[in-house]
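Chemist: Sequence:
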Amino acid sequence: MDSIHTGVSRRNFMRILGAASAAATTFPAFAGVQQAAAAAQSQGGRRGMGGMSDMGEMRQLSSDTVIISSNENPLGPAQSALQAIGTTGPLGGRYHFDETVKTTQVFSDLFQLKRGYVGLFPGSGGPLDLALMSNLGPDKPLVFGDPSYEQGPRAADSMKAQKFPVPLTATFAHDVKAMVKAHPSPGAYYIVNPNNPTGTMTPKEDIVWLVNNKPAGSVVIVDEAYHHFSNDESVIDLVAEDKDIIVLRTFSKIYGMAGLRAGFAIARPDLLMKFANVSPAARSLASISITSSAAARASLEDKDLVPLRRKINTDIRTATLEFLDKHGYKTVPGSQANMFMVDVKRPGREFQQAMLKENVAIGRTWAAMPNYVRVTVGTKAEMEKFQTAFVKCMDMPPGAVNGASLHLPEYYIPSELYRA
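Note that the sequence shown covers residues 26 to 445 in the numbering used here.
FYI, nobody ran anything at the bench for these hints, they're computed from the structure. Keep in mind that a hint or two might mislead.
The calculated DSBU-like cross-link candidates involving lysine-lysine, where the alpha carbons are at most 35 angstroms apart (straight line), are [to be verified]:
hint, residue 1, residue 2
1, Lys355, Lys127
2, Lys206, Lys355
3, Lys355, Lys417
Just so it is clear, the structure is predicted and the values come from calculations on it, not from any experiment.
Modelling step: build the complete structure from the supplied sequences, incorporating the hints.
Modeler: Below, the structure is given as structure tokens:
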């Protein structure tokens, strides 16, 4: 597609999309960072961007700390991606907007999508905000699973939209029938699949049912950030069928490009065009870098990358869960992602502090499951260190570690919560 209803050229359209994603991250994501900064200041810390480590305001984790808190891929970018960066870097003196078109076309071809159905962004957090915010408002509520990734309700707060959390099913899937009953005319339904933090899957047939049975005028937003780790089918084919659905993909997880920032929004052109309405100023902001675009394209064309990394993650996750089960610890079953949740039989934040004293940084907890913590799957060696620390901390009586012994807000704990 060379133009979309307004006559915007494909190149300019893609530039608008990429720029809009950068603007969008200044809304709920930045609000969260400001809250973190305020919390640090109230505890005597110096003012800064939420204690980000490069700002120097927060105490640094030791270099030997195992960081399994933010669902990153410890393998980093594939060699094919690194080679693409090396080749493309010297071209950085020019804008090369055609890089975006090339990468977008490779992805479109993979899923047999028509031109104009894919937007490439610097990360997936920006387009996720745009997908949410362009469909929410005071008269357009958000319906979402609970627990799930917090970016959905944060965007709703920014748009002054009502929020309707719906508990997950007994198998920790999104309860799509209950979601439809939650409100007669929401602006959007938000599904993370595999879900963050549980790692569990919502069957494709359930999402298809939701798309086909939701009220007219609403849109289903499916965050497939962790999809590559699973064996289930994607719902991108529903986009090709022109359904009311927006699918998000990222290169931060299985592709190991969290710091390079690349992601896709996949939807009908009219739904993508609504993104630019979130912030008119987005037209003047930067789009994805040519090196990130080239790395993304090389990763897509690397046929062995996803199956190999899926197996590595599955093997390490399975071994870790078997260890926990063998020692009688309760986990949320059915994870198909690079994370899992485990019951620590005490407030999760307290346990996070205890683990940090053992130089292991684990993920946060959720209000719906306060005694569970989320753990990212790291390398085999990292998970062995996790196991040792986990047993030691579980053997401590609840309350053994408190704010007096370790003041957690003084540390910057990496988290995907404020992904850009």
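Chemist: Does each hint fit the structure? Answer for all of them.
Modeler: For each hint, the structure was consulted:
The suggested pairing of Lys355 with Lys127 is violated, with an alpha-carbon distance near 46 angstroms, which exceeds 35 angstroms. The hinted pair formed by Lys206 and Lys355 meets the criterion: a straight-line CA distance of about 32 angstroms does not exceed 35 angstroms. Distance hint between Lys355 and Lys417 is fulfilled; the C-alpha atoms sit about 16 angstroms from each other, no more than 35 angstroms.
Against the hints set out earlier in the document, a violation occurs for number 1 only.
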